[in-house]
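These protein sequence lines map, in sequence, to chains E and L. Residues in the first sequence are numbered from 6 upward in steps of one, following the working numbering. Residues in the second sequence are numbered from 50 upward in steps of one, following the working numbering.
Read the hints as simulated data drawn from the structure, not as lab findings. Here the structure is a predicted model, which is why all the values come from computation and not from measurement. Hints should not be assumed to be uniformly reliable.
[What the hints assert, rightly or not] Pairwise CB distance ranges, derived in the manner of DEER restraints:
no.: 1; chain 1: L; residue 1: Ser104; chain 2: E; residue 2: Ala114; range: 45 to 53 Å
no.: 2; chain 1: L; residue 1: Lys102; chain 2: E; residue 2: Leu51; range: 22 to 30 Å
no.: 3; chain 1: E; residue 1: Tyr75; chain 2: L; residue 2: Met64; range: 40 to 48 Å
no.: 4; chain 1: E; residue 1: Asn17; chain 2: L; residue 2: Ser69; range: 37 to 45 Å
no.: 5; chain 1: L; residue 1: Ile105; chain 2: E; residue 2: Leu51; range: 32 to 40 Å
no.: 6; chain 1: L; residue 1: Ser69; chain 2: E; residue 2: Asn60; range: 33 to 41 Å
no.: 7; chain 1: L; residue 1: Val61; chain 2: E; residue 2: Ala72; range: 47 to 55 Å
no.: 8; chain 1: E; residue 1: Pro15; chain 2: L; residue 2: Thr160; range: 38 to 46 Å
no.: 9; chain 1: E; residue 1: Arg46; chain 2: L; residue 2: Ser104; range: 27 to 35 Å
no.: 10; chain 1: L; residue 1: Glu145; chain 2: E; residue 2: Glu61; range: 40 to 48 Å
no.: 11; chain 1: E; residue 1: Ser31; chain 2: L; residue 2: Pro110; range: 26 to 34 Å
no.: 12; chain 1: L; residue 1: Asn66; chain 2: E; residue 2: Arg46; range: 19 to 27 Å
no.: 13; chain 1: L; residue 1: Ala129; chain 2: E; residue 2: Ser57; range: 26 to 34 Å
no.: 14; chain 1: L; residue 1: Asn119; chain 2: E; residue 2: Asp82; range: 41 to 49 Å
Positions of the beta carbon are idealized from the N, C-alpha and C atoms, including for glycine.
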Amino acid sequence: RKEVEQDPGPFNVPEGATVAFNCTYSNSASQSFFWYRQDCRKEPKLLMSVYSSGNEDGRFTAQLNRASQYISLLIRDSKLSDSATYLCVVSTNDYKLSFGAGTTVTVRA
Amino acid sequence: DTEVTQTPKHLVMGMTNKKSLKCEQHMGHRAMYWYKQKAKKPPELMFVYSYEKLSINESVPSRFSPECPNSSLLNLHLHALQPEDSALYLCASSQERDRGGYTFGSGTRLTVV
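Just chain E, with the same shape it has in the complex (with noise of 0.2 Å):
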């Protein structure tokens, strides 16, 4: 089983849709989760932490279910801009981050 599991999509949305996906991790000593978007051909860049009490940042939500085991994602009135692959990051504590194979996005006019 993958450390973490995201669904590859793609999600095809118009302009202004809301978008959502989740992430799977299977270590439950698993400490720090992380959002990160990686445009074609370039490097991974952080979007966002995802802490306990889920956090917001504009139009990006971010959620944590440990008992679950999994994080999600929601993107409001998305935007052209929004169109990129989004990593789900996992740490535990020694260093090493488990990455997500990518959930891509496409949004379209």
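With chain E fixed as given, assemble chain L onto it according to the hints.
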């Protein structure tokens, strides 16, 4: 300064060449990483340096040799690579342990011919 700078951005090398990838950060981060990323795959961890000491080597072949000259610099020395080593090589840094996110450099796109 919140950047991780990698050079070169692109590199083409023959299987008998020796080359080095360089990475620099001035954010005071004490952990630095090398990742390898193939197309349409997530990054794969290669090496972790913590306080300038190698703390994790993910069973990487010896044709890849990391070096951390000081807390701001991380090198990856390449020798006798194979065509299947062609990939995007990403450097990243973070504060101690896993506090906060990791900052990635823009990567070196390596092609082995």
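Hint check results:
Distance hint for Ser104(L) and Ala114(E): a CB-CB separation of about 47 Å, consistent with the stated range 45 to 53 Å. For Lys102(L) and Leu51(E), the Cβ-Cβ distance of about 25 Å falls inside the hinted range of 22 to 30 Å, so the restraint holds. Distance hint check: the CB atoms of Tyr75(E) and Met64(L) are about 44 Å apart, consistent with the given range 40 to 48 Å. Checked against the given bound of 37 to 45 Å, the beta carbons of Asn17(E) and Ser69(L), roughly 42 Å apart, stay inside it.
Taking 32 to 40 Å as the suggested C-beta distance range, the pair Ile105(L) and Leu51(E) does not conform, at roughly 21 Å. A beta carbon spacing of about 40 Å between Ser69(L) and Asn60(E) agrees with the range 33 to 41 Å that was offered as a hint. Checked against the hint of 47 to 55 Å, the pair Val61(L) and Ala72(E) passes, with Cβ atoms roughly 50 Å apart. With their beta carbons about 27 Å apart, Pro15(E) and Thr160(L) fall outside the hinted range of 38 to 46 Å.
The hinted window of 27 to 35 Å between Arg46(E) and Ser104(L) holds, with their beta carbons roughly 30 Å apart. For the hinted restraint 40 to 48 Å between Glu145(L) and Glu61(E), the CB-CB distance of approximately 27 Å leaves it violated. Between Ser31(E) and Pro110(L), the C-beta spacing of about 27 Å keeps the proposed range 26 to 34 Å intact. Here the CB-CB span from Asn66(L) to Arg46(E) is close to 24 Å, well matched to the stated 19 to 27 Å.
Checked against the hint of 26 to 34 Å, the C-beta distance between Ala129(L) and Ser57(E) comes to roughly 47 Å, which is inconsistent with it. A hinted range of 41 to 49 Å for the beta carbons of Asn119(L) and Asp82(E) is consistent with their spacing of about 45 Å.
The structure fails to meet hints 5, 8, 10 and 13 from the earlier list, while all remaining hints are met.
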